[in-house]
Amino acid sequence: MANIAAQRIKREFKEVIKSEEVAKCAIKVELVSDSYTELKGEIAGPPDTPYEGGNFVLEIKVPETYPFNPPKVRFLTKIWHPNISSVTGAICLDILKDQWAAAMTLRTVLLSLQALLSAAEPDDPQDAVVAKQYKDAPDMFRLTARYWTAAYAGGPYSNPDFDSKIRRLTDMGIESHDARVALSSFNWDLERATEQLFS
Amino acid sequence: MVDVGSASASSSGSNQNNSNPGEEDKKDERMFECNICLDTAKDAVVSMCGHLFCWPCLHQWLETRPARQMCPVCKAAISKEKVIPLYGRGSSKQEDPRNKAPPRPAGQRSEPEANTHFPGLGFHGSFMSFGIGAFPFGFITSSFHFGDNRPFAATHDTQSAEEQFLSKVFLWVALAFLIWLLLA
Ligand SMILES: [Zn+2]
Ligand SMILES: [Zn+2]
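From first to last, the protein sequence lines stand for chains C and V.
Going by UniProt numbering, the first sequence opens with residue 1, and the numbers climb by one from there.
Going by UniProt numbering, the second sequence opens with residue 1, and the numbers climb by one from there.
There's no promise every hint is true.
As the list claims (entries may be wrong) - Label pairs and their computed distance ranges (CB to CB):
#: 1; chain 1: V; residue 1: Glu111; chain 2: C; residue 2: Leu111; range: 46 to 56 Å
#: 2; chain 1: V; residue 1: Gln69; chain 2: C; residue 2: Val57; range: 19 to 29 Å
#: 3; chain 1: C; residue 1: Ser158; chain 2: V; residue 2: Pro66; range: 48 to 58 Å
#: 4; chain 1: C; residue 1: Gly173; chain 2: V; residue 2: Pro66; range: 24 to 34 Å
No lab work stands behind these hints: they were computed from the structure.
From the three backbone atoms N, C-alpha and C, an ideal C-beta is built for every residue, glycine too.
Use the sequences and the hints to build the structure in full.
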């Protein structure tokens with residue numbers, strides 16, 4: 001790894017663990033490898049969003065050309081959000097692409113991702129299905145996102161109706177995650193979800 | 001009353017100073033950190049928007065995105081030509097900066113506004129009353145060299161052509177000024 005990249009990540013790492021956001025448990029960074037090429041980030045779901053109460057883990061890969069090129073970041077925790085793939089966790093955020101600037105840091109990236117959870121941009125979607133629901137059925141979107149936060153990120157919310165629909169599918173031998181995806185994608189219409197799963 | 005108040009204020013002030021001198025030092029140091037490598041800026045340059053970088057760091061950033069030349073901090077437009085190098089007192093040691101990046105652009109020096117070229121204008125109001133007639137001719141002949149009769153014209157080949165051109169321009173300006181004075 002290029003010297004400047006490792007040096008900078010080392011400095012940033014020290015800085016971010018002392019930051020007030022870490023003190024408030026809003027963000028967190030951990031080393032995955034000793035070489036500072038791979039880190040694990042964590043952001044708390046912002047209050048007054050469907051992600052509140054959840055803890056979202058991120059994979060952060062630092063390229064050799066860092067900080068001249070952005071880190072590669074994706075969600076490891078499954079999340080229901082227009083700008084994040086519900087399948088791969090890939091993120092569509094301008095600062096992780098062409099709007100990256102060399103003065104940005106791990107801290108600003110994590111805070112930007114947290115801001116993205118508060119303010120989705122459905123017109124620049126990563127996950128077309130989620131984005132469509134966000135626009136066409138906002139209430140259904142909020143319920144679904146909260147449900148995912150509870151299922152994957154430790155959120156406190158529960159929804160017995162959704163639970164029972166998932167159980168109907170798992171009883172038919174469907175994996176619970178696949179059932180959740182299918183139901184979420186069809187606005188929790190059990191019939192259409194079943195149709196899609198068995199087609 | 002007043003004495004007591006000010007005494008306690010000053011003592012608490014000095015207490016504060018004593019409590020965290022290290023913190024202050026750190027802040028001072030961080031003032032001069034490069035915004036890209038986060039280390040103390042080496043071969044420091046500052047952009048027109050006021051952001052500090054190592055020249056090698058900024059150069060590499062501009063090379064990485066040739067199509068979008070923007071400040072890494074505030075995203076203002078930025079260009080290699082428009083950065084100002086910083087020469088601190090301790091930076092006199094001239095390491096060859098071409099080891100890794102092209103030489104840092106040089107500082108641009110412009111001469112201070114020289115009164116000598118326009119002895120009569122603005123600054124010395126009395127001059128105008130001195131005599132309009134004498135001024136422009138003396139001014140032209142003393143300040144601008146006519147033609148090639150300069151002793152060092154031959155030695156400064158490339159410069160002399162430029163200087164000649166400039167002196168001609170100034171001559172015409174001076175003549176225009178003279179005509180304007182006569183008409184006025
Ligand atoms: Zn630097
Ligand atoms: Zn700037």
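Cross-check of the supplied hints:
1. V:Glu111 <-> C:Leu111: 46 to 56 Å: holds, 48 Å
2. V:Gln69 <-> C:Val57: 19 to 29 Å: violated, 36 Å
3. C:Ser158 <-> V:Pro66: 48 to 58 Å: holds, 53 Å
4. C:Gly173 <-> V:Pro66: 24 to 34 Å: violated, 56 Å
The earlier numbered hints that this structure contradicts are 2, 4.
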